[in-house]
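Chemist: Each chain, letter by letter, is given below.
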Amino acid sequence: MPRIVVDVMPKPEILDPQGKAIAGALPRLGFTGFAEVRQGKRFELSVEGDVTEEVLQAARDAAATLLSNPVIEDVTRVEVIEDAQ
Amino acid sequence: MPRIVVDVMPKPEILDPQGKAIAGALPRLGFTGFAEVRQGKRFELSVEGDVTEEVLQAARDAAATLLSNPVIEDVTRVEVIEDAQ
Amino acid sequence: MTTETMSKKFNIDTVEHAEQTPEQPLPWAELGLKENEYLRVVEILGRRPTAAELAMYSVMWSEHCSYKSSKVHLRQFGDKVTEAMKEHLLVGIGENAGVVDIGDGWAVTFKVESHNHPSFVEPYQGAATGVGGIVRDIISMGARPVAVMDPLRFGAIDHPDTPRLVHGIVSGIGGYGNSLGLPNIGGEVVFDSVYQGNPLVNALAVGVLRHEDIRLANASGVGNRVVLFGARTGGDGIGGASVLASESFDSSKPSKRPAVQVGDPFAEKVLIECCLELFKASVVEGIQDLGAAGISCATSELASNGDGGMHVELTSVLLRDPSLTPGEILMSESQERMMAVVTPENTAAFEAIMDKWNVEYSWLGEVTDTGRLIIEWAGEKIVDVDPRTVAHDGPVYERPYSRPEWLDGVQADSFAGDRPSDLKAAVLELMASPNMCSKDWITNQYDRYVQGNTALAMPDDAGVVRVDEETGLGIALSTDANGRYSYLNPYDGARLALAEAYRNVATSGAKPMAVTDCLNFGSPEDPEVMWQFAESVRGLADACQELGVPVTGGNVSLYNQTGGVAIHPTPVVGVLGVFDDVARRTPSGWREDGQAIYLLGT
Amino acid sequence: MIGHSNAAVVDSSLSGVRVGVVTFPGSLDDRDALRAVRLAGGTGVALWHGDHDLKDVDAVIIPGGFSYGDYLRAGAISRFAPLMEQITAAATGGSLPVLGICNGFQVLTEAHLLPGSMVKNNHLHFLCKDQRLKVENSSTAWTSSYAEGSEIVVPLKNQDGQFVADERTLDELEGEGRVVFRYLGGNPNGSRRDIAGITNEHGNVVGLMPHPEHAVEAGFGPDSSALGEVEVRGGVDGLGIFTSVLQKLVNK
Ligand SMILES: Nc1ncnc2c1ncn2[C@@H]1O[C@H](COP(=O)(O)OP(=O)(O)O)[C@@H](O)[C@H]1O
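First to last, the sequence lines map onto chains X, V, H and B.
Quick note on numbering: the first sequence equals residues 1 to 85 in the numbering used here.
Quick note on numbering: the second sequence equals residues 86 to 170 in the numbering used here.
Quick note on numbering: the third sequence equals residues 171 to 772 in the numbering used here.
Quick note on numbering: the fourth sequence equals residues 773 to 1024 in the numbering used here.
Heads up, some of the hints might be wrong.
Unchecked claim - In silico lysine-lysine, BS3-like type, Cα no more than 27 Å apart, as pairs: (1) Lys96(V) <-> Lys892(B); (2) Lys96(V) <-> Lys20(X); (3) Lys609(H) <-> Lys892(B); (4) Lys1024(B) <-> Lys41(X); (5) Lys96(V) <-> Lys126(V); (6) Lys681(H) <-> Lys250(H); (7) Lys892(B) <-> Lys20(X); (8) Lys20(X) <-> Lys901(B); (9) Lys892(B) <-> Lys126(V); (10) Lys11(X) <-> Lys126(V); (11) Lys827(B) <-> Lys1024(B); (12) Lys609(H) <-> Lys1024(B); (13) Lys241(H) <-> Lys204(H); (14) Lys827(B) <-> Lys450(H); (15) Lys126(V) <-> Lys41(X); (16) Lys241(H) <-> Lys256(H).
Claimed, not checked - Okay, the calculated bits of chain B under chain H, using three or more residues with CB under 8 Å as the criterion: (17) 800-813; (18) 865-878; (19) 892-899; (20) 974-987; (21) 991-1004.
What the hints assert, rightly or not - If you want the ones that stay clear, here's a sample from chain H, every Cβ over 10 Å from chain B, calculated: (22) Gln190; (23) Lys256; (24) Val291; (25) Pro330; (26) Pro333; (27) Glu443; (28) Glu568; (29) Arg569; (30) Asp617; (31) Gly622; (32) Leu626; (33) Arg654; (34) Arg673.
Think of the hints as simulated: they come from the structure by calculation, not from any bench.
We treat Cβ as the ideally placed atom computed from N, Cα and C, and that holds for glycine.
With the sequences and hints as input, model every part of the structure.
Modeler: Written out as structure tokens, the structure reads:
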């Protein structure tokens, strides 16, 4: 089944408490060299049938209204991905 | 600053309550045509300096140990991304 | 029929096929059955079991579901109960949870259960689903859950694996309980290296109901319909059953089944509300939660507690993973599911309530008068058993036990240090030990306010919850155990655990009424552990009799050991008390200057 | 001592005021909010998220909980509930008083009835504690029973309680006096400018993270009060929220 990926990331100016906690933990675990970490969300929507322009538009709309909150997040990608199999 | 993206998704056979809640909401909001939704995480690690093979390996290791829980999640991608700016 | 169902049907091991292929080797050992147990199944059926039957017997006859090693001892809880002790018991041992009459037409049901091993493997989800499971037990009695408690044991506080377990388990309990809207009113936290590879995660839930709302797990009334509702069935918790992946046993196709279950507290919260509406509308005749052993347990228990039989079409089960085989569907431990028996007249009312709460359901079959549990797969008979043989006639073992030889040495080894010269420093050191110091960092992660009825919780010794807003009628609960005492003397250790919980309830101002327990021990196949178990049960049963409080239910968790080393025997005892008015509760500790201090007792 | 004074507060003329409490799948403190309305002297009316009927209520409370599990973002799915359309329409113009508590506050921000949003607590844990607050604005529909600048103690319990907004919005909120509650005694979750609750420009819509409905009944509230010494769990500082709206509506 084809899938549409939606990536949502916290806005750069909004503090990201989870990313910050990870950034703090990395060097303690010996992973150095990372300046900053941001944690966002990745959604995979499986599409029944073909991914028409309409379906893609529906995914874009869902991304903008439901899957993200524009006050704190940006939708950084809405894209069809190939199925591995 | 170059960034490494780490995508983490719930294993396919594991229940994903978050995805389930979204899949239930989509049709109520008029977004039809989606069979299933899975919600995962997307991390962006900013790298100080160049992304050497070593740094990439550190990111892979961090992905496997800190950023994902191998019992219920798969790391589906660890990759350098180009900065938009 | 989908192609998936077709192909499964093609390979299906039917009763007919089993009769024709008596010599077919079956993976009973891989499924955890002993040879004598397997032969007993063959004897009961008069033929070899089908793959689906084998799945059912193997899970239902496991230690966890059948209590085969503990049963002979647990009988004492029933044998040592007097009529006077039973006076307030509406439902005693044997049902999903006991029910106690607390007056004014109100009743309380409560029970403690373990989720130790899953919590070691995946702390967050293991602990979360532990809370979920015990709460479903309470719902299935017809009650509204009103509070939870969590007696916990961890390894040494400075061991590198301890943070993973502590933080995962505490957030799992909080994450699930908080999302259900159940106040956490108490628990325990003990650090001891004996629990390093085997933390104890016990979860207690308590619910309240009106007497007339008591529901039991039985399927009666020929023609009544059987329905499965809640979450879909996935491959959860059947990792060990992957030998059933191909039920024709001729292929070694790898099966990818998650051994870990992920909880969905939102689904459970909806299930609570939806069940309460079902009870209020009186549209279910019998109800059973699905926990360990899933549909195997629910169908065989409902059928054997009823007065007839049951007929089920397994392809009607809604699946999350369409590749599941019939045996796997029967064994699946997917969370947040319930099974109910509904009269034909009530089906529409039932469906309306499901639709209101957006809960999925599927009608699986009906109650019959055949005395048999018949399960079909697309019309082919794959299970044909007497449900009692699955649910109640499992093996019972009189395991050998013997007093450990090391015990005398341990008991003789008294503390011989000098009395500390600086008493203040000694007290401070003691108070700072991980087992004595404040547990706020845990209790602050639990909601103790929700429902608005919590009269006492942390830092008090007993949790107190109001049941009736009009009169102030309420309950108190405390759980206690001391593994070190029990290690030194399991008989007295169990008695002390009861005495402590009883005192905590009594000093809060409540009248102690009933007991639940979670008996955490090592392997019953070790005679010394078995002795600890036998002594603990004897001690608890005797002490219950002396104090006049009955055990109403509980849970046994065996095989808590890493390598050859067992945990300390840890019988966690929960005592329920009753208040005619919770306004009279007494908190622990002093709140005002100038109060006199008395020391009571010996 | 404060704490046994519940009964005295109740004013029988308030019982005609109907305050609706919306239940979503996953709401937890809905029955508690109804109890608070009742203890304050009003009539609580249970509302169902899927209905289109506000049942003629005079005010609405969106209670705490984890609607739809809060798995996506707290309040994200609930805001699309059918009943939210009615509520939004009636609240936007400034007429219907609406209070969002905890998850309800999150729903109000998701529905854009209030600015800003909530993210995970900066310490990443669920936190349950008795929280001291300052009432910064006593002119809203829900705070008129308090004196401006007064202090109260009510329980705080959440996981996603960190209030965030951009600087411009924060300045605007401050400039217009729309910060209603501020945390005292240390910021419990990293909220910008210690903000615990805010209001819209009309003062009819208020959202706050702490739970006033759990500080309305002596014996079942916090162990402390900002107003003086209390008995065990005797704190009832939250009651004023509910009497405020009842009194305002009665005097209308
Ligand atoms: N795991 C837990 N879950 C909930 N409450 C707990 C837990 N552990 C301890 N508590 C509560 O914290 C308070 C203090 O616990 P503890 O220090 O063990 O007290 P005590 O030593 O008096 O039994 C008690 O109210 C107890 O119920």
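Chemist: Each hint: holds or not?
Modeler: Consistency of the hints with the structure:
Distance check on the hinted pair: Lys96(V) and Lys892(B) sit about 24 Å apart at the alpha-carbon level, within 27 Å; holds. Among the hinted pairs, Lys96(V) with Lys20(X) is consistent with the structure: their alpha-carbon atoms are about 25 Å apart, no more than 27 Å. At roughly 23 Å between alpha-carbon atoms, Lys609(H) and Lys892(B) fall within 27 Å of each other, so this suggested pair holds. Simply put, Lys1024(B) and Lys41(X) have alpha-carbon atoms about 47 Å apart, too far for the 27 Å limit, and the pair is violated.
A distance of roughly 12 Å separates the Cα atoms of Lys96(V) and Lys126(V); the hinted pair therefore holds under the 27 Å criterion. With a CA separation close to 21 Å, the supplied pair Lys681(H) and Lys250(H) stays within the 27 Å bound. The suggested pairing of Lys892(B) with Lys20(X) holds, with an alpha-carbon distance near 12 Å, which does not exceed 27 Å. About 24 Å separates the Cα atoms of Lys20(X) and Lys901(B), which keeps this hinted pair within 27 Å; it holds.
At roughly 15 Å between alpha-carbon atoms, Lys892(B) and Lys126(V) fall within 27 Å of each other, so this suggested pair holds. Among the hinted pairs, Lys11(X) with Lys126(V) is consistent with the structure: their alpha-carbon atoms are about 15 Å apart, no more than 27 Å. Note on Lys827(B) and Lys1024(B): the hinted pairing holds, with a Cα-Cα distance of about 19 Å set against a maximum of 27 Å. Using a Cα cut-off of 27 Å, the hinted pair Lys609(H) and Lys1024(B) is violated, with the two alpha carbons roughly 49 Å apart.
This hinted pair checks out: Lys241(H) and Lys204(H) have alpha carbons roughly 18 Å apart, not beyond 27 Å. At most 27 Å may separate the alpha-carbon atoms for a hinted pair to count; Lys827(B) and Lys450(H) meet this at roughly 23 Å. Pair hint Lys126(V) plus Lys41(X) holds up; C-alpha atoms about 4 Å apart against a cutoff of 27 Å. With a CA separation close to 21 Å, the supplied pair Lys241(H) and Lys256(H) stays within the 27 Å bound.
Chain H is given as covering the segment 800-813 of chain B, and this holds because 5 residues of the stretch bring a CB closer than 8 Å to a CB of that chain, at least three being needed. Restraint check on the segment 865-878 of chain B versus chain H: 0 residues with Cβ-Cβ distances below 8 Å, three needed, restraint violated. Beta-carbon proximity to chain H at under 8 Å applies to 3 residues in the segment 892-899 of chain B; the threshold of 3 is reached and the given coverage holds. Interface restraint, the segment 974-987 of chain B with chain H: holds (3 residues with C-beta to C-beta distance below 8 Å; minimum three).
Counting residues of the segment 991-1004 of chain B whose CB lies closer than 8 Å to any CB of chain H gives 3, which reaches the minimum of 3, so the coverage claim holds. Non-interface status of Gln190(H) relative to chain B is upheld: no Cβ of that chain comes within 10 Å, the nearest being about 49 Å off. The Cβ of Lys256(H) lies farther than 10 Å from every Cβ of chain B, with a closest approach of about 33 Å, so its non-interface assignment holds. Every CB of chain B is more than 10 Å from the CB of Val291(H) (nearest about 23 Å), matching its label as outside the interface.
The claim that Pro330(H) lies off the interface holds: its Cβ sits roughly 21 Å from the closest Cβ of chain B, which is beyond the 10 Å cut-off. The claim that Pro333(H) lies off the interface holds: its Cβ sits roughly 14 Å from the closest Cβ of chain B, which is beyond the 10 Å cut-off. Listed as outside the interface, Glu443(H) is inconsistent with that label: its C-beta sits roughly 8 Å from the nearest C-beta of chain B, within the 10 Å cut-off. With 10 Å as the threshold on Cβ separation, the claim that Glu568(H) sits away from chain B holds: the shortest Cβ distance comes to roughly 47 Å.
Annotated as non-interface, Arg569(H) keeps its C-beta farther than 10 Å from every C-beta of chain B; the closest such distance is 43 Å. Asp617(H), annotated as away from the interface, has a beta carbon of chain B within 10 Å; the closest lies near 5 Å. The claim that Gly622(H) lies off the interface is violated: its Cβ sits roughly 4 Å from the closest Cβ of chain B, which falls inside the 10 Å cut-off. Against chain B, the non-interface label of Leu626(H) is violated: not every CB pair exceeds 10 Å, the least being about 8 Å.
At the 10 Å boundary, the C-beta of Arg654(H) stays outside the reach of chain B, the nearest C-beta of that chain being 30 Å off. Its beta-carbon lying about 20 Å from the closest one in chain B, Arg673(H) satisfies the requirement of being farther than 10 Å from that chain.
In terms of the numbered hints stated before, the structure departs from hints 4, 12, 18, 27, 30, 31 and 32, listed from lowest to highest.
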